[in-house]
Amino acid sequence: MFSNYEPKDGFDEYFAAPNRPRSCFEPLISSLGHLGLEEISRSHRAAETLLQQVGATFQLYSGAGTDSSERILPFDPLPRLITAADWAGLEAGLVQRLQAIDLFLSDIYGEQRIINDGVIPRDYIETSQGWRPAMVGITPPLGRWCHVAGLDLIRDEEGMWRVLEDNLRCPSGVAYYLENRRVMKRMFSSLFHSHNVQAIDDYPSYLFQTLQDLALWTETPKVVVLTPGSFNSAYFEHSYLAQQMGVELVEGRDLFCQDGRVWLKSTNGRQVVDVIYRRIDDDFLDPACFRSDSLLGVRGLMDVYRQGQVSIANAPGTGVADDKLIYTYIPEIIDFYLKEKPKLKNVTTYRCSRPEDLNYVLDHLDKLVVKSVSEAGGYGMLIGPHATGKEQMEFRQRIQANPRNFIAQPTLYLSTVPSISHGEVYPCHVDLRPYCLRGRQQWVSPGGLTRVALRRNSLVVNSSQGGGCKDTWIVQDNVPSAAVPC
Amino acid sequence: MLGRVAESLYWMFRNIERIENLSRFLEVSSAMDLDSGMAIEPWTPLIDACGDRELFQAVKGRFSAEEIVDFLVQSKNNPSSIRNCLNLARENARQIREVLSNEMWEHLNAMYWRLKNERPIAGLPSQEWLLRIRQDCQLFYGIADVCFSRGLGWQFCQLGRLVERADKTARILDVKYFLLLPHGETVGGVVDQLQWIAVLKTAGGYQMFRQSRQLSITPKGVAQFLLLDPNFPRSVRFCLDGIYRSLSRIDPLQASSESPLGRHVGMMQARWTYTDIAEIIKYGLHESIDRLQQDLNDLHNQLEQVYFQAPQSFSPPHSSNQRTA
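Residue numbers (the working numbering), protein chains in the order written: chain A, 1 to 486; chain B, 487 to 811.
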């Protein structure tokens, strides 16, 4: 099955070289060989049908729920493996990073030491799209801001893990991570026999615990999930998480503020709400505080929040910390608050706001990936080596017009994992989004959502650009003194 | 429970019940269609049984077996076609997936995708196809029965299902009764046994009728069974008993004589419990069933007012401020 497989452009996670699998993959590669490509393809199709039937779908923004714009996230059946030892290091790095980020948020919305000490210029923070002046002076319960984070990690050409982006507002995708595993177990159970795979089903329990922790004023907190509604593209995930936690899924119109509390309208009277796991952006939370045209939020919510009578997860205003420009300061942030060295490295990044970086970027547009700091989802970026001269020209003008809005990174050849592409096994580029929870305790999901660029040679893993996903296994590396470690 | 959640549960079950009834109607008619010598063609009454004659004439115009089947099974212009009901039931479920058991959702969703990925039916549907639809609905009920908690949500499901069922049982009887007993002919005249057997089968009650009656099939006997039998789960009386029971579990006060809703349901239940079939026929079967349908519509409207629309007393304070300002 892998006899013609040739790793290319980046670190291949299965194979060190053609026909030389890394040690911990040997049992899996042998199980896959037993199944054979034909059988795998058959189960692959069945798995995709199953994902459709369980409703693990997203909606393209175009209309009602009953039209054909409902899609599954393409699913690739060849699992990605990460050794437990490797994972332990990653986990420690994530915990450290999020701890520093929470301290950073408390500081910039509080004393602002990091600004006053001259580490980060004030205007970088206050011009960030994620900056919310309404949060100044507010300390969320437990001093925690990012209760649910989904950082995007990649492995560079040497296989070293790096953080590509911090998603600290409403990271999505966790439902696919959980449902993919369920489908894998059903359709590819034999593969699991070759490895001791760490279970992931307890995510909803930890999420629920994390949310309950945020209601300091009661022993019996009422938690709800707040969704923009059933036409939202991620509605599946909202209803899935509410169902898994056994809490109510509400829309803004189901809630109201009265007598200093937030209430749920129900068939048998009003019920007080303690914690809101919101899956809508800051701007739409409260028309009295943020965007006044918002129909999705709850009028008066921020007043109740300021009085400490309701918790919102994640706290409003966390977006300033996942601004792509602030990202470049994370090593300084970790040093400033924790006096530690970052356990997880950033990707080398040029700040166009700095004149010498700007010149370098403009001189090397054909080699760099340039990103707008205010756009996500693979939009608003230039991949230099794949861009035409005209596209580079246009981007040059955009950068010069507003340098603060751009950063640049060397073109990264993300690591590859064998994937089914046009009926054969092909090395496709992947990233990883682990989910980190922070309430009284902190918890990192074992593995996470592996996104895979299923278009051959594409480096963009976003679902809007032809990306899919894979099941991700944390496994014990039981093979002693192997020739090629993982 | 949120009013809109209660409403989605109600409609989800109501739509499934509608699909189940429609598929049984079609199953019986397509079996009758194969028999020779039937005095009455089996398709047109289905349009009347669904109360859709006007819509049908507007959309299709021509009464042929194929057009009627197309209208009832898949026409986009008929909001109550099997396909539309399934789309609606699935959308109801999708919106409130968080309150359903996973197995219920997955079954309904699988049914939805199966039909969606299938080509539309040309000509007449096979009995097998209709049977599969009906059994999918019944499987859905079975799944709900074994894994859905008997809380508030369940009661709203029951309301949707029983309101729809009472309505459909009454309608099928109404239509057939009218067709089979031409004007002037008195009850007890010459009847076509085959036709009356078909009526019972359409309501899924042939064997149960036989067991409960131990008599030959008469129009009066069939009407009594389908309207007033206390034990047959598709009879109007049985449905009304269930509706009353669910209402009292949701809120005893709303089911009592203290509330308009309770009085309305109590009156309906009394009327269909303490009446003799002879009296109904004397008053006019069609008129009685007409009244039942009106009463069921009123019941639905009251459920909407009491439970599905957000209660006024919970409106956020800013709106009352605006009123006083």
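Hint data in this document are derived by calculation from the structure and do not stem from the laboratory. Any given hint could turn out to be false.
Claimed, not checked - Examples of chain B residues toward chain A, derived with CB under 8 Å:
1. Leu488
2. Ala492
3. Asp519
4. Gln581
5. Trp591
6. Trp599
7. Leu601
8. Arg636
9. Tyr730
10. Asp762
11. Ala764
12. Ile766
13. Lys768
14. Gly770
15. Gln791
Glycine included, C-beta positions come from ideal geometry on N, C-alpha and C.
Quick rundown of the hints versus the structure:
With 8 Å as the threshold, the beta carbon of Leu488(B) comes within range of chain A, its nearest partner Cβ sitting at about 5 Å, so the hint holds. Interface restraint check: Ala492(B) against chain A, minimum CB-CB distance 6 Å, threshold 8 Å, status holds. Interface hint at Asp519(B): violated, since its Cβ lies 31 Å from the closest Cβ of chain A, which is beyond the 8 Å cut-off. The restraint placing Gln581(B) at the interface with chain A holds, with a minimum CB-CB distance near 5 Å, inside the 8 Å limit.
At its closest, the beta carbon of Trp591(B) sits 6 Å from a beta carbon of chain A; the interface hint therefore holds under the 8 Å criterion. For Trp599(B), the interface hint holds, since its Cβ comes within 8 Å of a Cβ in chain A; the closest pair sits about 6 Å apart. Interface hint status for Leu601(B): violated, as the beta-carbon distance to the closest one in chain A is roughly 12 Å, over 8 Å. At its closest, the beta carbon of Arg636(B) sits 16 Å from a beta carbon of chain A; the interface hint therefore is violated under the 8 Å criterion.
The beta carbon of Tyr730(B) is not positioned within 8 Å of any beta carbon in chain A (closest approach about 18 Å), and the interface hint is therefore violated. Given the 8 Å rule on beta carbons, the hint for Asp762(B) is violated: about 38 Å separates it from the nearest Cβ of chain A. The interface hint given for Ala764(B) is broken, as the beta carbon of that residue sits about 42 Å from the closest beta carbon of chain A, more than 8 Å. About 35 Å separates the beta-carbon of Ile766(B) from the nearest beta-carbon of chain A, more than 8 Å, and the hint is not met.
Below 8 Å, beta-carbon pairs count as interface contacts, and Lys768(B) has none with chain A, the closest being about 42 Å; its hint is therefore violated. At its closest, the beta carbon of Gly770(B) sits 38 Å from a beta carbon of chain A; the interface hint therefore is violated under the 8 Å criterion. Given the 8 Å rule on beta carbons, the hint for Gln791(B) is violated: about 12 Å separates it from the nearest Cβ of chain A.
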